[in-house]
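Engineer: Turn these sequences into a full structure, and let the hints guide you.
Residue numbers (this note's numbering), protein chains in the order written: chain A, 2 to 358; chain B, 2 to 358; chain C, 2 to 358.
Don't read these hints as lab results, they were simulated from the structure. Be aware that one or more of the hints could be misleading.
Identical copies look the same in the list; a pair holds intra-copy or inter-copy alike.
Simulated crosslink set (DSSO-like; lysine-lysine; CA at most 30 angstroms straight-line) [stated by the list, open to error]:
hint, residue 1, residue 2
1, K301, K43
2, K5, K156
3, K213, K54
4, K43, K127
5, K176, K156
6, K244, K213
7, K69, K213
8, K244, K50
9, K50, K207
10, K156, K207
11, K39, K69
12, K156, K104
13, K301, K50
14, K354, K207
15, K206, K269
16, K213, K156
17, K301, K207
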Amino acid sequence: MVPKKRIDEILDGYDTSEITIATVCSHSSLQIFHGARKMGFKTLGLTTKDNTKHYDAFPLAKPDEIIKYSDYDEMSERNGELLDRNTVIIPHGSFVEYMGANKFEDFEVPSYGNRAVLQWESNREKQRNWLTSGGVPMPRLITDAREINEVVMVKYHGAKGGRGFFIAKDYPDFKMSIDSTQPYTIQEYCMGTRYYLHFFYDPLKKDGYMCKHGGSLELLSIDRRDESNIDEMYKMGSIEDAKRRGLYPSFVVTGNTPVVIRESLLPKAFEMGENSVNRAYELFGGMWGPFCLETVVTDKLDFKVFEISTRIVAGTNPFISGSPYADLIYPGLSTGGRIAMAIRDASVSNDLKTLMT
Amino acid sequence: MVPKKRIDEILDGYDTSEITIATVCSHSSLQIFHGARKMGFKTLGLTTKDNTKHYDAFPLAKPDEIIKYSDYDEMSERNGELLDRNTVIIPHGSFVEYMGANKFEDFEVPSYGNRAVLQWESNREKQRNWLTSGGVPMPRLITDAREINEVVMVKYHGAKGGRGFFIAKDYPDFKMSIDSTQPYTIQEYCMGTRYYLHFFYDPLKKDGYMCKHGGSLELLSIDRRDESNIDEMYKMGSIEDAKRRGLYPSFVVTGNTPVVIRESLLPKAFEMGENSVNRAYELFGGMWGPFCLETVVTDKLDFKVFEISTRIVAGTNPFISGSPYADLIYPGLSTGGRIAMAIRDASVSNDLKTLMT
Amino acid sequence: MVPKKRIDEILDGYDTSEITIATVCSHSSLQIFHGARKMGFKTLGLTTKDNTKHYDAFPLAKPDEIIKYSDYDEMSERNGELLDRNTVIIPHGSFVEYMGANKFEDFEVPSYGNRAVLQWESNREKQRNWLTSGGVPMPRLITDAREINEVVMVKYHGAKGGRGFFIAKDYPDFKMSIDSTQPYTIQEYCMGTRYYLHFFYDPLKKDGYMCKHGGSLELLSIDRRDESNIDEMYKMGSIEDAKRRGLYPSFVVTGNTPVVIRESLLPKAFEMGENSVNRAYELFGGMWGPFCLETVVTDKLDFKVFEISTRIVAGTNPFISGSPYADLIYPGLSTGGRIAMAIRDASVSNDLKTLMT
Chain A
2 MVPKKRIDEI
12 LDGYDTSEIT
22 IATVCSHSSL
32 QIFHGARKMG
42 FKTLGLTTKD
52 NTKHYDAFPL
62 AKPDEIIKYS
72 DYDEMSERNG
82 ELLDRNTVII
92 PHGSFVEYMG
102 ANKFEDFEVP
112 SYGNRAVLQW
122 ESNREKQRNW
132 LTSGGVPMPR
142 LITDAREINE
152 VVMVKYHGAK
162 GGRGFFIAKD
172 YPDFKMSIDS
182 TQPYTIQEYC
192 MGTRYYLHFF
202 YDPLKKDGYM
212 CKHGGSLELL
222 SIDRRDESNI
232 DEMYKMGSIE
242 DAKRRGLYPS
252 FVVTGNTPVV
262 IRESLLPKAF
272 EMGENSVNRA
282 YELFGGMWGP
292 FCLETVVTDK
302 LDFKVFEIST
312 RIVAGTNPFI
322 SGSPYADLIY
332 PGLSTGGRIA
342 MAIRDASVSN
352 DLKTLMT
Chain B
2 MVPKKRIDEI
12 LDGYDTSEIT
22 IATVCSHSSL
32 QIFHGARKMG
42 FKTLGLTTKD
52 NTKHYDAFPL
62 AKPDEIIKYS
72 DYDEMSERNG
82 ELLDRNTVII
92 PHGSFVEYMG
102 ANKFEDFEVP
112 SYGNRAVLQW
122 ESNREKQRNW
132 LTSGGVPMPR
142 LITDAREINE
152 VVMVKYHGAK
162 GGRGFFIAKD
172 YPDFKMSIDS
182 TQPYTIQEYC
192 MGTRYYLHFF
202 YDPLKKDGYM
212 CKHGGSLELL
222 SIDRRDESNI
232 DEMYKMGSIE
242 DAKRRGLYPS
252 FVVTGNTPVV
262 IRESLLPKAF
272 EMGENSVNRA
282 YELFGGMWGP
292 FCLETVVTDK
302 LDFKVFEIST
312 RIVAGTNPFI
322 SGSPYADLIY
332 PGLSTGGRIA
342 MAIRDASVSN
352 DLKTLMT
Chain C
2 MVPKKRIDEI
12 LDGYDTSEIT
22 IATVCSHSSL
32 QIFHGARKMG
42 FKTLGLTTKD
52 NTKHYDAFPL
62 AKPDEIIKYS
72 DYDEMSERNG
82 ELLDRNTVII
92 PHGSFVEYMG
102 ANKFEDFEVP
112 SYGNRAVLQW
122 ESNREKQRNW
132 LTSGGVPMPR
142 LITDAREINE
152 VVMVKYHGAK
162 GGRGFFIAKD
172 YPDFKMSIDS
182 TQPYTIQEYC
192 MGTRYYLHFF
202 YDPLKKDGYM
212 CKHGGSLELL
222 SIDRRDESNI
232 DEMYKMGSIE
242 DAKRRGLYPS
252 FVVTGNTPVV
262 IRESLLPKAF
272 EMGENSVNRA
282 YELFGGMWGP
292 FCLETVVTDK
302 LDFKVFEIST
312 RIVAGTNPFI
322 SGSPYADLIY
332 PGLSTGGRIA
342 MAIRDASVSN
352 DLKTLMT
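Structural biologist: Structure (structure tokens):
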């Protein structure tokens, strides 16, 4: 990982009145660029592809400049020209995935958020330890497949974007579906409705919902993911019917819909967000900026958190002009805009080093 | 029930330039407080719990003051301090449920809307009589279980928030699932898409969609409820498969999604809203403010109303900054804001007594 | 079809500072009137029914005037009074369906968009040729029912608004369900999530996402349709169970929900939109204004376009005050508003003839 000292040196050399906000051209980049422009920043798109013409269609989200690299190695190596532009990068899920976690950790450009969180997010066991030791409820782990006596969710390690999951209804079903050459984990399948809670933790904000380590927690929006093909599979009669026809359920994320949660669940939701943040400070120096708790709410009105994303999620994209939650704090602001606001405020108060790693 | 005369006496003592809007801290309280603040009111949260920290996260919806009671009896008894603050209460579903209908009817604080509607809403038979005699189409009632020869919905009396319902596909299925120690009703199951129509009837508004008794009817928004666990149960293969595994469908409301209805259905929707209001005036002195018709639209494009809620529903929560319908009347206004607008206008025109019981 | 020369003559006689925007009172008319008022136009509703009272409830979308005709023949014949009002009509799906395609083609009032597109849209074979020859991916056609060896979608010709479709899982299922007295087409059933992409092509706009024939392509919003009764059919246990009880799946559109698509799919989406437009210019003089690609995204993240609508779709109705896409171009603008903006700009620059047929 880039030493924090190196990042601080770089920031010392920046003209903080001329910050450029950069991200990879995908995922939630329209929202990030749009928010950055709103807060008066220059914007820069990073890409290895030729498919950026669609930005022309969205003038309020089109980056001021796009740099095309032959690959992510080149992007890493040519960090100098980003530093020349006083660039800070906003990592999103695809940024980290495309560049590769290791390369991202070593990318010598100030990055919004704590890069140390990656190690705890990408390893399922460490993620579970972090959250459960913080008091966040997760689905129960089943360590021995022969003990499956209920419906379970099986996830191959490194499963991304909804691929590499399956639901097994019992042990025989598990046996029939498992590819045992790959490592996997088995957990209780939690039946209920899914809510992806988009939190934002600001270590520099000194009012609002205050947390133990001195910063303020916000809930900016909630979405539900569209998953192909599971969402429409019931049209096949039943999933059993579909399987007999060679059609197997998959969980590939293709989009997002806006949703709100029952208001009486908000206290619990905030408690889970707060616990995730507090424990992150104890374990690895903290987590700040946007993060997402991916939850199921059962018919007992209990939450189960099946995953945490420690940066902006694409589920914030429906809320480019605000949400039923953000509008109670910052009317009309998106998560992308909230990130830019944090960077703007920190550059004014000379606190950029607190936010960048 | 508090005599109307007593409420009017209380209002006579109010300083109408210093009205406080109060509600119980749950359900749609963020929206109610947000709307009240927008219209310039003081706001007051009523609670019996310690879980109100999340209001800190939403500064534009945080009540100016929160009073914590040990229980709802104490809330009733300490009504004096509410009167000292010139308080009017906005009842929502959880307010009435938590306090208890009887206690709510006797709560000596001016309440927005007609409390007499409660008797007609809470009793399934009276509700059905009210609506069907007004010409509102409801699912057919099946009075003798042995006559079940189609898919039916069975509801235990007093079922709340989505608990206490089940779908039976035939008589044997009914026999297997019914708990005959509890009273229940059986009705035709209406297959179709669900629309929860959020109406607002303003008896003091003299333009717009005018109704028989001199007020104006509005449609402010439409939602669909998320229900746990039924919404994701098809992932179990089929519901039959799930039942064999001991997983039974439930209908607990966990959140809401925004939706719009086919425009050609609006004339019928307004007719149903108008009929509900007109009949309410004939039967029990009227219904005003927000109410919700909970409907199914069949593939013949017919409505079936399976329930009416006679106060603000949580389904309005996605629309804190307006909706595709409200924006055609009051851009950016929520149902909570609409309630506050009605109270503001009535306090200016000295008509508060018309709105309060 | 009305000769273009005749339309141009009519436009020559118009007072372009006094244009009236008219449409049939249904479908997306609230949005069209709302958008037209925003851009300063007079508005006129055309109807053959008595059910227009609901417009009173939406003052910002209520047309300035409503003309009631006994039938669509009379509407055609009385075109003179529309010309007297300098009227341009905005055709929507119900307008064309109610009036009848032939009558609509001959209706002597300037109509926004290219009427020639109707011949290519309403004939399934021509529509398929247009799109696939343009490079837009569609579900594979199965020309001989005996070759069904996968799940298929069967559509009767002239199927409208979601009626007249069925899914067959194999040849025996097809045989059991088909009414062979009606003409039909069979296509591969594409499993995935549905996205209805609302594009807008402006031939007069000279910046943004430029297309081959000199105009600019926009994506204004995306919805998913609610379909009755298929959407809630899984509650019956499984569709097989339901069929045994005499309940058959149907696909009648009853409403719409807002949605966003995975950002990495946007380049492909724009390419499909652009290809549809470019090919339209080659085949029949072009397509401009709003159009909708009705797509499925598979779990391979491939698009399949199962239909094109060549005018405003009701799926734009959730977005009366903007959308996550429109807000990146014209904050707060609906498709109805965008149409009115195009007409306003063209009337200022004296280019109305380019937009009207």
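Engineer: Should K244 paired with K213 be assigned to within, between, both, or neither, using CA atoms and 30 angstroms as the limit?
Structural biologist: Cα proximity of K244 and K213: none, with 50 angstroms in one copy and 45 angstroms across.
Engineer: At most 30 angstroms between C-alpha atoms: does K39 with K69 qualify within a copy, between copies, both, or neither?
Structural biologist: within (24 angstroms within a copy, 41 angstroms between copies)
Engineer: Are the CA atoms of K43 and K127 at most 30 angstroms apart within a copy, between copies, both, or neither?
Structural biologist: This pair counts as neither: shortest intra-copy Cα distance 37 angstroms, inter-copy 47 angstroms.
Engineer: One pair to classify: K301 and K207, alpha carbons no more than 30 angstroms apart. Within, between, both, or neither?
Structural biologist: Result: close neither inside a copy nor across copies, 35 angstroms intra and 46 angstroms inter.
Engineer: Should K5 paired with K156 be assigned to within, between, both, or neither, using CA atoms and 30 angstroms as the limit?
Structural biologist: neither (34 angstroms within a copy, 61 angstroms between copies)
Engineer: Between K301 and K50, at a C-alpha cutoff of 30 angstroms, which is it: within one copy, between copies, both, or neither?
Structural biologist: Classified as between; 19 angstroms across copies, 47 angstroms inside a copy.
Engineer: Regarding K50 and K207, is the shortest C-alpha distance of 30 angstroms or less found within a copy, between copies, in both, or in neither?
Structural biologist: between (42 angstroms within a copy, 25 angstroms between copies)
Engineer: How would you label the pair K69, K213 (within, between, both, or neither) given a Cα cut-off of 30 angstroms?
Structural biologist: Only across copies: K69 and K213 sit 24 angstroms apart there, 42 angstroms inside one copy, limit 30 angstroms.
Engineer: One pair to classify: K301 and K43, alpha carbons no more than 30 angstroms apart. Within, between, both, or neither?
Structural biologist: Classified as neither: same-chain Cα gap 48 angstroms, cross-chain 35 angstroms, threshold 30 angstroms.
Engineer: Within, between, both or neither: how does the pair K213, K156 come out at a Cα-Cα threshold of 30 angstroms?
Structural biologist: Neither: 34 angstroms inside a copy, 46 angstroms across copies.
Engineer: Evaluate K213 and K54 at a C-alpha cut-off of 30 angstroms and name the case that applies: within, between, both or neither.
Structural biologist: Cα proximity of K213 and K54: across copies only (14 angstroms, versus 45 angstroms in one copy).
Engineer: Treating 30 angstroms as the Cα threshold, decide for K156 and K207: within, between, both or neither.
Structural biologist: For K156 and K207, the Cα distance exceeds 30 angstroms both inside one copy (40 angstroms) and across copies (49 angstroms).
Hint compliance for this structure: hints 1, 2, 4, 6, 8, 10, 16 and 17 are broken, all remaining hints hold.
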